[in-house]
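K.L.:
As given, the protein sequences belong to chains A and B, one line each in that order.
Each residue of the first sequence is one higher than the last, beginning at 1040 in the numbering used here.
Each residue of the second sequence is one higher than the last, beginning at 58 in the numbering used here.
It is possible that part of the hints are untrue.
[What the hints assert, rightly or not] The following label-pair restraints were derived from C-beta to C-beta distances:
#: 1; chain 1: A; residue 1: ARG1052; chain 2: B; residue 2: LEU77; range: 37 to 43 Å
#: 2; chain 1: A; residue 1: VAL1134; chain 2: B; residue 2: GLN252; range: 44 to 50 Å
#: 3; chain 1: B; residue 1: GLN159; chain 2: A; residue 2: ALA1129; range: 52 to 58 Å
#: 4; chain 1: B; residue 1: ARG125; chain 2: A; residue 2: MET1040; range: 25 to 31 Å
Simulated from the structure, these hints should not be mistaken for lab results.
We put the CB at the ideal spot given by N, CA and C, even for glycine.
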Amino acid sequence: MRHMREEELIAYREGVAERRAVIADHLSACEKCRAEMERIEAVLAALDTLPVPDPGADYGRQVWKEIAPRLAEQPGRWWQAWFEPRRLAAAGGIVALIVAAFVAGRITATPSGC
Amino acid sequence: MTRMQQSVDSAQAIAESDALAVERTLAGDRDAYRVLVERHSHSVFRLAYRMTGNRHDAEEVVQEAFLRGYQKLGQFAARANFGTWVYRIAANYAIDRMRQRQKENALRETPRVEDREGTENDPVNRVQDEAPTPERLTQSLELRKQMERALAALSEAERTAFVMRHWEGCGIEEIAGVLKSSSSAAKNTVFRAVQKLRHALQPFVETKAQARAMGTES
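Construct the complete structure from the given sequences, taking the supplied hints into account.
P.N.:
Put into structure tokens, the structure is as follows:
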């Protein structure tokens, strides 16, 4: 019997395994893999005890108070993304390159004799 | 229906629906955005804290996520879920913040002492059935330090993938979106994170089988 790899057991435990049924069947039959799974679960269970501080019942209101003065009058519209500085700079760069290539082509072109 | 009644109904509808609150915000009603901020702040804080490992950075991430959310709200349009969307913005900003912190720490050349909450939040202190013995308390604090160290030793991508999958229950596609990777790469990152955590922490963690053998299982 082929035992499950660590990768398969972790994927199963985290709910991202592709062969869930196969792994489940194997686990019910194989003590060694069950023990391995138990060791993985023990570590994850310990991590689950790490506390997250409670920011307080009023936290949402505090966040709003902090950000409200910094909000623009109107939220951004989808087309405004095209006018973001980095996009404008990129577009400007491309236009400059095209113009430079065109000018260079005009300057270096040798007149063709007929 | 009176104008006042209409106004009350509208406020109630916004309070119930994220989609409507987004729509109202886009129409210029800033109060509708306040509803979204107040509704989702706690869950975004939880994600941010788990990713950054400290309260100060987490609070900054929350504020920045909602600010960016407001600026980009037009791009959100009528997409499925505002909560998921703002989560993604927060996760992306938290990754930037973690990178920045790493650079700052590298410059200082001393490991940053994370300003986690004091012992009042320690799991061992929340056990009500028995007072922790000094030995148990020491073990618990040591384990907690080891866990924090192990999490801090993960790469930003690994920590993000682990937090989003294990603690926040996000889908692999969503994680892949934040990491800007393929689904299989995101899955692999979750695996690597758990593997690293396991190898770092297993010597400190008692399994159920060990607990049964020792007769200490609760």
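K.L.:
Next, verify each hint and record whether it holds.
P.N.:
Comparing the hints with the structure gives:
1. Hint check: A/ARG1052 to B/LEU77, Cβ distance near 38 Å, so the stated range 37 to 43 Å holds.
2. Hint check: A/VAL1134 to B/GLN252, Cβ distance near 49 Å, so the stated range 44 to 50 Å holds.
3. Remark: the range hint 52 to 58 Å for B/GLN159 to A/ALA1129 is contradicted by a beta-carbon distance near 28 Å.
4. Checked against the hint of 25 to 31 Å, the C-beta distance between B/ARG125 and A/MET1040 comes to roughly 52 Å, which is inconsistent with it.
Of the numbered hints stated above, those contradicted by the structure are hints 3 and 4, listed in ascending order.
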